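Based on the sequences and whatever the hints tell you, model everything.
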Amino acid sequence: MALLHGYGPALLQGLASTLSVAALSLAVACVFGLAGAVAKLSASRTARAVAATYSTLIRGLPDLVLMLLIFYGGQILLNDLGAARGWDYIDVPPFAAGVLTIGFIFGAYLTETFRGAILAVPRGQAEAAQAFGMTRAQVLRRIVLPQMVRHAIPGFANNWLVMVKATALVSLIGLDDMVHRANLAAAATREPFTFYVAVALLYLAVTTVSIAALGWLERRFSLGVRRVEF
Amino acid sequence: MNPRTALTRRLLLAGAATLLATGRPALAQSKPSLLRVGVEGNYPPFSKMGPDGKLSGFDIDIALALCEAMNVRCQLVQQEWDGMMPALRARKFDMIVASMTITDERRKAADFSDPYYDVPSRFVARAGAFRDASPEALKGRRIIVLRNTPRAQYLQQRYPGSELLQVNKETDVYLELAAGRGDIAFGSTVVSGEAFLKTPQGKGYAQVGPTVRLEGGTGVGVAVRKGETELVGRINAALKKIKADGTYKRLADRYFDFDISGN
Chain A
93 MALLHGYGPA LLQGLASTLS VAALSLAVAC VFGLAGAVAK LSASRTARAV AATYSTLIRG
153 LPDLVLMLLI FYGGQILLND LGAARGWDYI DVPPFAAGVL TIGFIFGAYL TETFRGAILA
213 VPRGQAEAAQ AFGMTRAQVL RRIVLPQMVR HAIPGFANNW LVMVKATALV SLIGLDDMVH
273 RANLAAAATR EPFTFYVAVA LLYLAVTTVS IAALGWLERR FSLGVRRVEF
Chain B
80 MNPRTALTRR LLLAGAATLL ATGRPALAQS KPSLLRVGVE GNYPPFSKMG PDGKLSGFDI
140 DIALALCEAM NVRCQLVQQE WDGMMPALRA RKFDMIVASM TITDERRKAA DFSDPYYDVP
200 SRFVARAGAF RDASPEALKG RRIIVLRNTP RAQYLQQRYP GSELLQVNKE TDVYLELAAG
260 RGDIAFGSTV VSGEAFLKTP QGKGYAQVGP TVRLEGGTGV GVAVRKGETE LVGRINAALK
320 KIKADGTYKR LADRYFDFDI SGN
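Top line first, the protein sequences correspond to chains A and B.
Under the numbering used here, think of the first position of the first sequence as 93, with each following residue one higher.
Under the numbering used here, think of the first position of the second sequence as 80, with each following residue one higher.
The hints are simulated quantities; they were obtained by calculation from the structure and are not laboratory data.
A few of these clues could be false.
Below, a sample of chain B positions facing chain A; criterion: calculated Cβ distance under 8 Å [unchecked claim]:
1) 120
2) 123
3) 124
4) 237
Quantities reported herein were computed from a predicted structural model and do not represent experimental measurements.
Here a beta-carbon is modelled for each residue, glycine too, at the ideal position from N, C-alpha and C.
Listed below in structure tokens is the structure:
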């Protein structure tokens, strides 16, 4: 810690905010992803069109551009709306803007991950459930979703790892994440190398733990499946 | 025009303004009791963040002194340099005290107070590597400079035969120089002195050529949203007050051993 000139606790605070942004973004992304996947596989033409637009558009735009558009553009829009309606200034906090933007972006990637996983569940399963008289929602909740998790985990793990690192983008809109703290500490002490290595190690720790946890989860959801049958 | 289309028009305008950063008249606003001040934290000795997360530096001290002289409560908002202007326009804060040089280009996007300091620029390179800093001596060499600054513009105009390496932070200018990615650096004399030449890393490096005052830049000022003339007036009055009562000199003496006021 002496190596970090007393900036150790500050970096750890940054880690806490990186992790909370990542965890909340993941929750948002899962909601968007599941909704997107279900919409893409639905019989409704409108739902399919909306989901296709969403995943095409978002996967095609750089994360940074989207982030800046939502954070600054959204704020100016809100200010103007407020001025027209006589509201006071409403602040879009960087935390909420960051979580929503990252969640929204990675929801588009998860849409495809989840869609693939749902397709991997044999169609006969859903048909059998329907034959037993379950409603569509019940089929989804009881039969399809529990079985698709196993297929979704590898792609999901990929997305999560990329997302943890993508949270570094929020430092640009003023959120006090790990990278932001490291930047400031590097400027103050003029030892950029020290702080960027420290941050790299922290990211590595987070991703290593994630990989272990996701491996356990994958084994857990594959209990009913023998390894040899692909 | 009925109110509804007026609103739609505003929304469209807002969208366009975000993308194009064009000028737009400021909205009428009553005198705020709390002023939010945008500051940086990457520019020692003007602003930096300590281990405890506290901001300090000349910009910070000036911001607080101005608020006290204006007799308003202030809240400092730390913001990365790249998002400074957009955040001002989006009302994330009401004024910027972040060593922002007043330029014609920036005057299109914001209004500025009188300058609160003015620091000349100078070249820095390995001692003895350059005989002088003329465009001929630097021909074909790579100059490191902070992007989006009057200094970068000055180099583009005066040193067409040199290659520019533009970086994102003033302190990075000297990191790049020490890393050997450029031949010579051009930056604020204060930063090159405090943040580089006086540190172990800066050993063997020296200033090259005379100090340069850029004609495009007219000192460093406080930026506010376009059209907020009343606030500019209050800031200028506060600046006069702290210069007259000795506060300014007391603060400047903490950081600099020369006159930084530019008077």
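Against the structure, the hints:
For residue 120 of chain B, the interface hint holds, the least distance from its beta-carbon to any beta-carbon of chain A being 5 Å, beneath 8 Å. With 8 Å as the threshold, the beta carbon of residue 123 of chain B comes within range of chain A, its nearest partner Cβ sitting at about 6 Å, so the hint holds. Violation of the interface hint for residue 124 of chain B is found here, the shortest Cβ-Cβ separation to chain A being roughly 10 Å, above the 8 Å cut-off. Taking 8 Å as the C-beta contact cut-off toward chain A, the hint placing residue 237 of chain B at the interface is violated, the least distance being around 29 Å.
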